[in-house]
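Number of protein chains: 2
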Amino acid sequence: MHHSYFILITLLIFTLPGVHGGNILVVPLDGSHWVNMKVLTEELASRGHNITVMRASNSWYIKETSPHYTSITIPNEGGFDEEVFGTFVSRLLQIRREGASFWIRMSVEMEIMNQFSEMNKNVCEMMAHVFEDEQLMQSLMDAKYDVVLTDPGFGGGVLLAHRLSLPLVFNVRWTIQGEGHFAIAPSPLSYVPFPGAELTDKMSFFQRVQNILAYAFGCWQVEAIVKTHYVEFSKRYFGPEVDYFSLFQAADIWLMRNDFVFEFPRPTMPNVVYMGGFQCKPAKPLPQDLEEFVQSSGEHGVIIMSLGTLVGYLPHDIAEEIAAAFAQLPQKIIWRHTGERPKTLGNNTLLVKWMPQNDLLGHPKTRAFVAHGGTNGVQEAIYHGVPLVGLPLMFDQPDNLSRMQVRGAAKIVDIANIDRSIFLQALQEVLHEPSYRMNMQRLSRLHLDQPMKPLDLAMFWIEFVIRHKGAAHLRTESYRMPWYAYHSVDVMIVLLAAVFFILLTTVAIIRFLCCGACRRKIKSD
Amino acid sequence: MHHSYFILITLLIFTLPGVHGGNILVVPLDGSHWVNMKVLTEELASRGHNITVMRASNSWYIKETSPHYTSITIPNEGGFDEEVFGTFVSRLLQIRREGASFWIRMSVEMEIMNQFSEMNKNVCEMMAHVFEDEQLMQSLMDAKYDVVLTDPGFGGGVLLAHRLSLPLVFNVRWTIQGEGHFAIAPSPLSYVPFPGAELTDKMSFFQRVQNILAYAFGCWQVEAIVKTHYVEFSKRYFGPEVDYFSLFQAADIWLMRNDFVFEFPRPTMPNVVYMGGFQCKPAKPLPQDLEEFVQSSGEHGVIIMSLGTLVGYLPHDIAEEIAAAFAQLPQKIIWRHTGERPKTLGNNTLLVKWMPQNDLLGHPKTRAFVAHGGTNGVQEAIYHGVPLVGLPLMFDQPDNLSRMQVRGAAKIVDIANIDRSIFLQALQEVLHEPSYRMNMQRLSRLHLDQPMKPLDLAMFWIEFVIRHKGAAHLRTESYRMPWYAYHSVDVMIVLLAAVFFILLTTVAIIRFLCCGACRRKIKSD
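If you read the protein sequences in the order shown, they are chains A and B.
Heads up: the first sequence begins at 79 in the working numbering, then just goes up one per residue.
Heads up: the second sequence begins at 79 in the working numbering, then just goes up one per residue.
The reader is advised that the hints may include incorrect statements.
Copies of one chain are not kept apart here, so a pair can be met inside one copy or by any two copies together.
Dumping the calculated DSSO-like pairs for lysine-lysine here, alpha-carbon to alpha-carbon at most 30 Å [unchecked claim]:
1. K313 to K280
2. K141 to K443
3. K116 to K362
4. K305 to K280
5. K280 to K547
6. K359 to K531
7. K359 to K141
8. K531 to K547
9. K199 to K280
10. K362 to K199
Keep in mind that the hints were calculated from the coordinates and are not lab data.
Looking at chain A on its own, in the form it has when it is part of the complex (with noise of 0.2 Å):
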């Protein structure tokens, strides 16, 4: 009896799909990318799978030990520095305030990809290191992994991936060429707004100007870059005929962190899988101490304020202009601020260090959502249908929220000129104006109701991956053509050639004949 309860529960073991533990290398990004990816690599492990992450030493988020994870840790000194960083943003949110010219937003823009550039310059170094450390190299060969996870915004993972010829999965939204959809699948401009410039798909005559400039200013910055970083290491490590763009175009599936509740509809490809709101999950209940400060709002409810993780600390005089107009309100105000405390803060202001936000974001009482506009927030504010002031600073920020407005689900206040009478009236107008809740929760309903949960179908593709060695029949040939095959180019050319010596040869003939019958017309003349 025992003996075949066991061969039962072997069977079941052995046919239920997925759960054959595969061996799965993941090389993610710092900051608030890892939030992202430490879900799906806690998910990967509750399903059996041994995750092996690779870090750098003096990585931020990434911890040496995890319960979930083996970790490689890669010596490293450069990078995303969080100080670097917090200056950096300081500084951005003093010239937007200063109200910078063109000239002086154009220099802040090339900054930023300064900073940028040197952070690749940097993964490459690390990807350098990890090539020529033999006695690594010949223990990740001898891992014997199923597939390389990794999130492209940096090429890191790319490059390792096709050094050990293993299949490849990313976890993206942004890669070094822009917006994830912009490196894999057709985008007409006149429709997919570039991201950066702010635009719907409902452009008039001048937005389409601006977005193609848009786009071309942002095919330059990604041209320098990677050319600069990764076609120069593909070049020493893979060899002249290696391109690439194509080791990067032939990932096997691009797991995408977002749906068309979030983004504008657009082109897509077959093996792109939008997992958009994955990290989402029902709110728990609050600790007690917060739960009874929410209940103590009564009709009125909650606010909630955050600006995420690169945002320690506002400018104090904007933190006392916020503080003086939540001071107004009737509403329970939770804020995560780690400044010092505004002097014009109210009594039904509670300052934070940390908030349990998904939670928050799932409780009856909460109002609206004031939030900087990260991919993460605005996904959870989807997820539980809590309607947005939106205080954008950078990045995705001002397009991520601006998504929400034109939905009608947001209202953006332009943080370098705020005051409190200007984010007083934009709260009110969010609290008051039903339209933007039942926009966020028709948002809602429409991200809930799809035919599977987003994590369980970026788990299936992962394993997918491994059952089948990869997803070839899901990919295109594209990315092998030069762009002007894949372009038709060469083809028009010649025919428009044949369709050019086609009329010649005929209007020779016909002026031949012509003149031949004047000729013989002006003898009989």
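Place chain B on chain A using the hints.
Frame of chain A, contents of chain B only:
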């Protein structure tokens, strides 16, 4: 106690997604297309939806009464005629056997186009009948349908959905604009083969030229038919401001009858759902006599042959050659053949008027499938992992089979030049070269390994459209734009003009300054 049970059951019914009895108007296509649509309508009915099917009074396949739908019959005399079609197929085969010249083949192409145009004309006439029958229109309005489900091979359903202002779901592989994707997704002709060109996703330069020419010819054909019938219809009943192509592209969900095991990977759109193989199911046991015949094949196994619904019988001499080849094999053969019994028929071959094709394909003794290459048959072969010997005749059949051949899962034989030795050689190659079976079984594994069964996915999205009254968030803005805006032609012209203007101005200024300098120089000399 009873009362609380009642509440529990009521709650269960109202919380189970999709089980709320939608009201669905189905506008199908006749013939083999109805075989597909019937699978969907039966499944929808079994899930508690109320189905109404619109059919022609002279329908070939669609019955007036059915346990799973109510029908609305539209008086009709023209349209899809089995006899006309049979004659046409025979003539086509005749022409191919005679090795027709380019011009004869073009004339056949034009005749197909005329036949197709006639059928579309008939569809518009039927729809005009519906639109002008006030009583019928009133009853259609009163029925308060939730959604129109149609096969957009013809455009009747699209017109009716617009008239009734209803959400629209397509059960689609072909549209009036050609293969479904070409009507909605960007299709780079450098690696997306145009249907009918029998090309793959890896094309030489000359194949790319061929592909673009095939596309241009196809567009011209489509334009002619759509303009003649649908655009006229649309103008007459909806006014000049309604663009027929926009109505078509505004469909909420495109349930595409293929997937990327069958089709080459290519760009797609957010509202395209792949349900290829949705009609396939595990094999049921065979009737006893057939099972005995199959078992009598011993270790050699059986071959099954069927040329689909359109080819009632083959020309007698071809049937003789096929029978003679079969007679030389140790396998048993089950052949769906309705014509005269070939004289060369061996004892190993069983002629049948109808066969349980799916159950035979799923039988472990089945070694190969001789098929004409209709989508349904090829999908069933993939599902069950049975390699193909292809005898394509027309429509999408050569393309379908060439997709299987390029993946090493099928061998195509030209039916026009078939003789017993050519056919025997093809059969033996597929039977004895293990790669055919291995490749087809690999395709089968990929096809079966999906996050959700294709039929369940189709049900989900139809019910999604019912729940949310459409799926506008998955539909791009592209179809509202004029072609020059979609392709950014206007923007490019303005940008080029700006560049020229700047260049010319610069040159003019330089010339002015130089001349000024020259003049001064001349003066001073």
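Status of each hint after checking the structure:
Within a single copy, K313 and K280 get their C-alpha atoms only as close as 42 Å, which misses the 30 Å cut-off; across copies the closest is 26 Å, which meets it. In this assembly of identical chains, the alpha carbons of K141 and K443 never lie at most 30 Å apart, being 35 Å within a copy and 56 Å across copies at closest. Proximity of K116 to K362 under the C-alpha cut-off of 30 Å is restricted to the intra-copy arrangement: shortest distance 19 Å within a copy versus 46 Å between copies. Taking the shortest Cα distances, K305 and K280 sit within 30 Å of each other only across copies (28 Å), while inside one copy they are farther apart (33 Å).
For a Cα distance limit of 30 Å, the shortest separation of K280 from K547 across copies, 22 Å, qualifies, whereas the shortest one inside one copy, 41 Å, does not. In this assembly of identical chains, K359 and K531 lie within 30 Å of each other by CA distance both inside one copy and across copies; the values are 10 Å within and 25 Å between. When the C-alpha separation of K359 and K141 is checked against a cutoff of 30 Å, the pair qualifies only within one copy, where the shortest distance is 24 Å, while the shortest distance between copies is 48 Å. When the C-alpha separation of K531 and K547 is checked against a cutoff of 30 Å, the pair qualifies both within a copy, at 24 Å, and between copies, at 22 Å.
For a Cα distance limit of 30 Å, the shortest separation of K199 from K280 qualifies neither inside one copy, at 38 Å, nor across copies, at 36 Å. Proximity of K362 to K199 under the C-alpha cut-off of 30 Å is found in neither arrangement, the shortest distances being 42 Å within a copy and 61 Å between copies.
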